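Chains as they are written, first to last, in our numbering: chain E, 1 to 140; chain B, 1001 to 1140.
Keep in mind that the hints were calculated from the coordinates and are not lab data.
Keep in mind the model is a prediction, meaning the values are calculated, not measured.
For glycine and all other residues, C-beta sits at the position ideal for the given N, C-alpha and C.
All the pointers check out, no bait thrown in.
Which bits of chain B does chain E cover? Going by a derived footprint, with three or more residues having C-beta under 8 Å, they are:
#, region
1, 1010 to 1020
2, 1107 to 1116
3, 1128 to 1136
Label-pair distances were calculated between CB atoms; the ranges are:
#, chain 1, residue 1, chain 2, residue 2, range
4, E, Arg100, B, Leu1138, 29 to 37 Å
5, E, Ala28, B, Thr1097, 44 to 52 Å
6, B, Arg1089, E, Ala27, 31 to 39 Å
7, E, Ala15, B, Ser1120, 19 to 27 Å
8, B, Glu1080, E, Ala112, 45 to 53 Å
9, B, Ala1098, E, Ala44, 44 to 52 Å
10, E, Thr74, B, Asn1003, 28 to 36 Å
11, E, Ala27, B, Pro1108, 38 to 46 Å
Some chain B residues near chain E, calculated using beta-carbon distances under 8 Å:
#, residue
12, Ala1006
13, Thr1119
14, Arg1121
15, Met1122
16, Gly1140
Listed below, chain by chain, are the residues.
Protein chains: 2
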Amino acid sequence: MDNTAAWAGLLRVHAALVPVLDQELQAAHGLPLTWYDVLLELNAAPERQLTMGELGAKAVVSRSRSSRVVDELTRAGLVERVANPADGRSAFARITTAGRARLRAAAPTYLAGIEAHFTSRMTAAEARTVATALEKVLKG
Amino acid sequence: MDNTAAWAGLLRVHAALVPVLDQELQAAHGLPLTWYDVLLELNAAPERQLTMGELGAKAVVSRSRSSRVVDELTRAGLVERVANPADGRSAFARITTAGRARLRAAAPTYLAGIEAHFTSRMTAAEARTVATALEKVLKG
DNA sequence: GCTAACTTAGTGCGTGCGCACACACTTTCT
DNA sequence: AGAAAGTGTGTGCGCACGCACTAAGTTAGC
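Throw the hints in and build the complete structure from the sequences for me.
Here it is in structure tokens:
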């Protein structure tokens, strides 16, 4: 095993699992993975809201993509746009109660999928090491 | 740290690093990451050739996408299509000497990028654990 | 206070991607 | 041998995504 094995594994696991988890989530709750990710970030944020810039930085997708996802979520009633009183340029995306309910409903499916396809295939110690190692990569 | 941290880290590291490595590779050698991946698989295969089905299964991209990447690589002279004498439906994609040379030239850039952005941010032991854990995920 | 430089969000546009279909060939069954 | 089922490729099509540009608003400098 050479020193690129970790990176190669990451690429392949991502390619293999993302479509599976996305489809499971979409089949069970009509939520694409990007919607779930955005709702999750908004729900975790203070005041349950973020500007587009913050959202684009935290979420997996780009800022411009985030803007369009928020459009879709707004149409679905899961998110609402709120003017930022302190800065006329930016507007917050805030998760609605319907959005929180939808997120709570979908979470078990997603978590179960992660467990079934990912975490259960390794030991708990390995999972912790993977998490800390990848965390360090992001901090750099 | 909950038990989804490893998966969340994988998603974010993928989103953060793939564009960087792709652009480094493309700037230095005009090779998109998908080209590199396909060339790598072909080069490692017996007879340095694979059918589209095999390629789609091994590479990160889908079979249909592989077919088009092979088109592009053929136009660039890095791969050639070879008829399969044993099965008239399938055709092999075989890496050319020009393709091997291009791959060898690009490899140091890619490996250096992986080292700089990924492996160097963790200990050697962590890298090994990440590799074995992700390997097990793929086998399942 | 007025202007210039900067920041933030939205959008047109091109591109990469996989699904699903059609076609060609192979294998199996009678 | 002929028909039917199965398998491997290529391709039309639509979707998701990010870049680069524009408009609107804010901050800094004088």
